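Asks: Sequence:
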Amino acid sequence: AVILPGTKSTIADLLWLRAQGFEPLLQHLGRTGTAVVGICGGYQMLGQRIQDPLQVESPLPEVPGLGLLPLETVFAEHKATYQAEARVVGGAGWLAALQGATLHGYEIHMGHTLSPQPWLTIARHHGASQTVADGMSTDTGQIWGCYLHGLFENTSLRHAWLTSLGWVGNAASQTPAQPWQAALDALVSQVETHLDMARLEAIIWG
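Under full-length UniProt numbering, the first residue of the sequence shown is numbered 1, with each subsequent residue one higher.
Because the hints were derived from the structure by calculation, they are not lab data. Take these hints with a grain of salt, some might be off.
As the list claims (entries may be wrong) - Label-pair restraints from in silico Cβ distances:
1) Gly127 - Pro59: 37 to 43 Å
2) Ala12 - Asn170: 38 to 44 Å
3) Ile203 - Ala128: 43 to 49 Å
4) Glu62 - Pro179: 39 to 45 Å
5) Pro59 - Leu165: 35 to 41 Å
6) Gly127 - Gly33: 14 to 20 Å
7) Thr131 - Ala198: 47 to 53 Å
8) Leu15 - Val168: 37 to 43 Å
9) Val168 - Gly206: 38 to 44 Å
10) Pro179 - Arg18: 34 to 40 Å
11) His194 - Ala1: 32 to 38 Å
All of these numbers come straight from a predicted model, not from anything done at the bench. All C-beta atoms, glycine included, are put in the ideal place defined by N, C-alpha and C.
Sequences are here, hints too, so could you generate the full structure?
Replies: The structure is reproduced here in structure tokens:
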């Protein structure tokens, strides 16, 4: 699976992916069965195009997206920053089992994205009732995305998606006595032990 995460500079990072030659690889993976997920800025990248008429992020008025979802994003000056509660109202494949489920997370993004088939409804912003359509998935649920950060902290969604990828772990094994932070700390320790971090930083920062 490939996850395109959030970013403070969607257009700049999309152009970087393109310049580094990642675009055809991502498109090939998406079109040959690999799960591809976009969260916030990554979700915007999955679409057909990103428009920036007010030049909020870039002097470019429009940039083509990766074309993996039929989305149109338009940037605006106002940045949406909300604690959010959402409800699953659509989606196919593994998402079908989550219909009606409530998810919690937060939004922090510029502009809005027009989706022909939203799979989420944002029901609350900072506790106040809302009805905002969000997200898009392919007919199989293989390629999907939305604006909701913190999505994978929702156990029902995390387990459903991992199961769709072939995960056969014990769904009951993660308890409050085993917090995510401890698991992340253990992962960081393993990465630092087995990777040449100086070399990795040199590759990232040039």
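Asks: Determine for every hint whether it applies to the structure shown.
Replies: Hint check results:
| no. | hint | verdict |
| --- | --- | --- |
| 1 | Gly127 - Pro59: 37 to 43 Å | holds (38 Å) |
| 2 | Ala12 - Asn170: 38 to 44 Å | holds (41 Å) |
| 3 | Ile203 - Ala128: 43 to 49 Å | holds (45 Å) |
| 4 | Glu62 - Pro179: 39 to 45 Å | holds (43 Å) |
| 5 | Pro59 - Leu165: 35 to 41 Å | holds (39 Å) |
| 6 | Gly127 - Gly33: 14 to 20 Å | violated (40 Å) |
| 7 | Thr131 - Ala198: 47 to 53 Å | holds (50 Å) |
| 8 | Leu15 - Val168: 37 to 43 Å | holds (39 Å) |
| 9 | Val168 - Gly206: 38 to 44 Å | holds (40 Å) |
| 10 | Pro179 - Arg18: 34 to 40 Å | holds (38 Å) |
| 11 | His194 - Ala1: 32 to 38 Å | violated (21 Å) |
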